[in-house]
Amino acid sequence: MKRIALLGMPNTGKSTLFNRISGASARVGNWPGITVDLMSAKVLLGGHIAELVDLPGIYDLHGFSEDEQVVRHFLANNTLDLAIVLLNSSQIDRQLSLLLQIKKLNIPMVLALNMSDEAKKAGISIDIDQLAKSLNMPVLQISAKYGEGLPKALQAAAAVINQAQAASDPARISLALEEDQKIEKEMESLLAHYVHIPSTLSDSNTDKIDKILLHKWLGLPLFFLAMYALFQFIFAAGKPLQDALAWALQLLRSGVLEPLFAGSPSWLSGLMLDGIYNGVATVAAFVPIIVLFFLVMSMVEDSGYLSRAAFLMDALMAKMGLDGRGFVMMLMGFGCNVPALMGTRMMRSRPMRLLTMLVIPLSLCSARLQVFIFMITALFTASQAPLVLFALYLMSFVTMFLTALLFQGQFKNKEPFILELPPYRFPTLRQIVLRGWLEVKHFLQRASKFIVIGVVLVWALTNFPSNVAPASAGTYAGQLGALFAPVLDPLGINNQLAIALIFGFVAKEIVVGALAVIYGLQGDALMVQMASQIDWVQAMSFMLFALIYTPCLSTIATLRSESKSLGFMWLSLGWSLGLAWLVSFVFYQSARALGF
Amino acid sequence: MRLLSQLAIGEHATISAIEAEESLYHRLSALGFRVGKPLSLIRRANFNGPLHVRLGTTDVILRDTEAARIHVQSDLQASQ
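Protein sequence lines correspond, in order, to chains V and Y. Per our numbering, the very first residue in the first sequence carries number 1; after that it's consecutive. Per our numbering, the very first residue in the second sequence carries number 1; after that it's consecutive.
By construction, these hints were calculated from the structure, which means they are not laboratory data. Computed from a predicted model, the values in this text were never measured in an experiment. A virtual CB, placed ideally from N, CA and C, is assigned to each residue, including glycine. Take these hints with a grain of salt, some might be off.
Unchecked claim - Listed next, the in silico EDC-like pairs over lysine to aspartate or glutamate satisfying Cα-Cα at most 20 Å (straight line):
no., chain 1, residue 1, chain 2, residue 2
1, Y, 37, V, 179
2, V, 216, Y, 64
3, Y, 37, V, 66
4, V, 319, Y, 75
5, V, 414, Y, 11
6, Y, 37, V, 489
7, V, 211, Y, 11
8, V, 121, Y, 64
9, V, 414, Y, 22
10, V, 145, Y, 11
As the list claims (entries may be wrong) - Computed from the model, here is a short list of chain Y residues facing chain V with C-beta under 10 Å:
no., residue
11, 5
12, 6
13, 10
14, 20
As the list claims (entries may be wrong) - Where chain Y lies over chain V, by a calculated footprint (3+ residues, C-beta under 8 Å):
no., region
15, 75-89
16, 210-223
17, 405-412
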């Protein structure tokens, strides 16, 4: 029986061609010299029954991927009466190399050029006759998909077989491939002696945990429960630490700084104490929360659970034109938008990356969290607090989903979603602490610059011109607030809060510090003062606005640098400002209409 | 001939063909999807979510659209 092999690069339509020729007769079989099964079929060709073997697609006859080794071993162990080499016409410049490599082995050959219509569209023209003459083999144009040109190609193949040329000589081919075989042997021996690879996944614990955590119905509830529990933990553990730090900072102020500046002019002591120290101290009190947040985040990340989250969420994400990885980045955004935006680099599809980047700035980052914790502590009871915070997180998700749904038409994705699922690992304490420390360091470096500049700016705006009372309507800050009043009044956002929002544009870390300076108070005194000035509806409206209206300057800068598009940055800014106003407006007006 | 996307949960099969354009083909082969390789379908996420596939020592998740590009022979058929 004659033997024919089908050879070509991957994605040239080789399997399609094989199926078309073989019909339903294909079967899987073993071959001398190789361990994997290959598809083959008996076909009638030029009066002979021939066996057609579909060899794996390869890029390089002398490469060392599994498939490339399989093809070499097959050729060195089995005689061939004909090799049909299939190339993609539109990529003939890159694929001709494989044909020439095979030609060197002295196998009777036919060259089939697939997808010639595509090549024509790309303006590629191939002189078939001259190419055939030069290669000294039949060259035929076919369409594996539609079957065009196939009878002619089979005729040519039959003609070659009937010429009864000498079949390929495995011994000679083996000699020609000697170099490659030496390298294979050496690779094999090195692997056998120094590397151990288990044949199947030996980690049965991962299987057991996955049975629960990736359970059809329990998986998602468990995921959200885990997230909720982690946030609860962060605040339960964070509160005592926060209180202790605030107490120490107050002690430093009254014990050291106030006596130190007692003799200096009032503007200097005002700048130093009410400007820089007040702001920095208030914000610094929230550092424990951020430390805890990233400790927990890195634990979830290093354990392998984040990829599981991607698995659980992908069905929902796909509907929004995003994928499970986008969800992981969205979760990262809850720590800080900036690294999350940078993390979208792993997506190769630009449209999906942009869509994910449009969504991430809406995630409730740790800086916004500070503002919310401060406001919630000031205006809500301890039992209401977790609920309010949860509502804000929920709102964050809702705005993200809404944005993705609305914009997915503009940013259409074509990238496949294929991810490896790593086994569960216990993150080491060192890893967790290191990550937490790095994130905090990064946060402090970034925040401190913004805070010092921002808070001093606020202090100056609230204290000048010097002939009016600090933080009154007559100051520059008050004037600025009045300017925005027509837009912000319908949201229940008063002048002081408006000023804080203006500075939140620079960095959310500043907002609480700005409030401290605006009111000239900090800590509990500031909270009491705010509680007496605004009610919970206003506070909620303010928080909703602060959640959505704009990420910090760092995020904006990152958006621009990562998307390399000023237009995209403005789109993101404009969209979030508009959405923030709309959400706050709807919330505030309906709450008031309902009598709250 | 069946598609990976048509396998039942817990079913074992062998890859018989991969129909993918160059970038997807590279991604798949980097994760161990090759003709002749055995695999099994571990689970499927709800609402037509991704498939959880095991190839030797590697666990991979992929969507239906990509799984439909991978032809498989279930192991019963292959051993006949």
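Going down the list of hints, with the structure as the test:
1. Y:37 - V:179: Given that 20 Å is the threshold and the Cα spacing comes to 27 Å, the pair is violated.
2. V:216 - Y:64: Satisfied, since the Cα-Cα distance of roughly 17 Å is no more than 20 Å.
3. Y:37 - V:66: 10 Å, holds
4. V:319 - Y:75: Status violated; Cα separation ~34 Å.
5. V:414 - Y:11: Outside the cut-off at roughly 29 Å; violated.
6. Y:37 - V:489: 66 Å, violated
7. V:211 - Y:11: 16 Å, holds
8. V:121 - Y:64: 31 Å, violated
9. V:414 - Y:22: Holds, because 14 Å separates the two Cα atoms, which is no more than 20 Å.
10. V:145 - Y:11: 30 Å, violated
11. 5: 13 Å, violated
12. 6: Check failed: Cβ of residue 6 of chain Y comes no nearer than 17 Å to chain V, outside 10 Å.
13. 10: 12 Å, violated
14. 20: 6 Å, holds
15. 75-89: violated (count 0)
16. 210-223: Since 6 is at least three, the answer is holds.
17. 405-412: With 0 residues in contact (Cβ-Cβ under 8 Å with chain Y), the coverage given for the region 405-412 of chain V is violated.
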